[in-house]
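Work the whole structure out from these sequences, hints included.
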Amino acid sequence: MRIPVYRSDAQRTNEAPGRSFSARMDARPFVEAALQKGAVTGALADAVGAYAEQRGKMIADAEYNETALALEEEMRSASYDLSKSNDIGNIFDGKKLWQRRMDRIQTDVLDRVKNSNIKRKLGFTFNQSEIQSRFTLQGVVDQKIVKAQQAAIAARQTSEVAKMSQPGGDPKVRIAAYNAFIGYGNNPGVNGAMLAPGIAGGFISPGAVSKTNLAMKKDIATNYLSNAFGSDVNAMMQLAQFTDLLDDVGRSANPALTYGQLVDDMGIDPYAAHILSALPREDAFDVIDNNWKEAIDRNDRIAAMEKTDKDALDTRNQAAFNQAFTTDDYVKEAALVAVIGRPAVDDLLQDVGQNILTVRPDADGKNEIAALTVRETIYNYLNEQNWMSPEQRNKLRKLTQPSGGAVFAQTRNDNVYSKLYLDALSGNLTIEQLQSGVPYAPSIKSQITDEDFRTLGKIIIDEAGTNVNEMSTLIKRNFRYNAAQQTIQGNDNLGKASKSAFEVVDLQLRMFAIDRKIEGNPPTLNELMVEKDRLIAIQDTVFQGALRAEYEQTIDTFAQNYAGLPARIAAVGGGNAPLSTVITTIEDYLSDQNLSTSDSRYQLAMRTIDALRITYPGMNE
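Numbering (the working numbering), first residue to last: -19 to 601.
Simulated from the structure, these hints should not be mistaken for laboratory data. The reader is advised that the hints may include incorrect statements.
To be verified - In silico lysine-lysine, PhoX-like type, Cα no more than 20 angstroms apart, as pairs: (1) K375 x K438; (2) K399 x K456; (3) K346 x K312.
Have a look at this one:
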């Protein structure tokens, strides 16, 4: 249908009715301005459109990058988690843990993207990353699988080696089990079957397998020989001879028969023979030699332990024997326990019950047992072990109680006591000799007091340790005690003081140590040192007085042999003068006298000076 268009037939004219158009304004500037305005508007519209397009692209890029990062992080987390998992059979197989994680990542992350183009692009990126991550993870898992396989094989091998190393059982059955696992001839055995897949897959080296198999065989042989024969050196010698003859067996026309004959004729353990013959000769001899040495060492260790045990028992029994010779009327329970043990003492206490004549409390409320009962108990204890010699039995049986009528001296013979004391300290006086006498005192009891007798008995029985003996040496040094020479220039006053001070302090320290030991609390080295110093301090005043008196007397006696010397010494202070001053005075006097070194007076003076320096060091200094 055509729409009609109206068209006017009137003609254009420049003349208006009643008035001319010539006076109207020119429209072109307005038209141009309008055109320019339209151009600006169009440019603005174009600019708005371009910005909108760029903004959309930026939004799309941001969404892609954020999503790609999330995918990467999720995938990295999945790879890390599964690389640490020990469920290696279900990562790519079984439960397919990897694929399940990838599917979940797609659902949780990728499916949230609405833009199809972005989603398609992200899907491509995800697939590429998944392939790369999967192959990397597969390498880790494969390594774990190989290690797990190797560990399982090693555990199986270790278990079988341990079982085949144990002695006992039917040798035929054991040989069959050995062959079934290790292999024999063309049969690879269970061990070979376990290793075959790894060798085929290139995971296990054939050379390593060969070394491992040899090591297994040597371990079985080594362990079995040790377990079965122990310290039997003769068995190792026989196995060495058997192994040496195996080469001759191999050259025989009928090796199987001759091998069996060799085993039977030599009486060899069939299983030992089999596991040794399965080794190369050099390795078999190596196993035998090592076990041979081990057997010798084991014998030596056993012998050493037996000797140590015997020595320890002998020492303890000797201490018990000595205790039976106690010089006390009663023995502390702890002292008896130390030599015969708690069970034997408990049996004794149960037997005697509440007999106060046999058992009484000491000052600390602890048991003391009558010496006669102690002696009888020790005799029975040693007799049950058959430890005593006939002579020791007789000596012990002839003993009487400590207070059994012996007559002791009211006052000790000081010289005899001192020698007895030194012999007791040095171990040269036994408890038996104390009872029966010694060459220089055939009747000891008549030479010393009852208290001296008991004291010496305690010292002998105690067997003081190293620490106490070291303290004794220090005490001697402090009091300048020399048993071999107790006098200077013929005067024995200092010697007597020295001996007396030493004996008093040494004895008191030993009694301190003995009492502590009986109590079950032996003193430490530091405690002994402290007690020594305390006891020395008590005696030192008396000794220093004797020492000073001896010093003055010695100087005076010496000076009287030289005209004019007493006056010179008196001028410098005499006995109150420092030792160095006295010696200088003597030396100056000798120089003034022009005495020859060969002169007897000069030599006497030199000996005296030396004696003074040794005996009185630091006097009055």
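Consistency of the hints with the structure:
Between the alpha carbons of K375 and K438 the distance comes to roughly 19 angstroms, so the proposed pair stays at or under 20 angstroms and holds. For the suggested pair K399 and K456, the alpha carbons sit about 15 angstroms apart, so the restraint of at most 20 angstroms is met. Our distance criterion of 20 angstroms between C-alpha atoms is met by K346 and K312, whose separation comes to about 8 angstroms.
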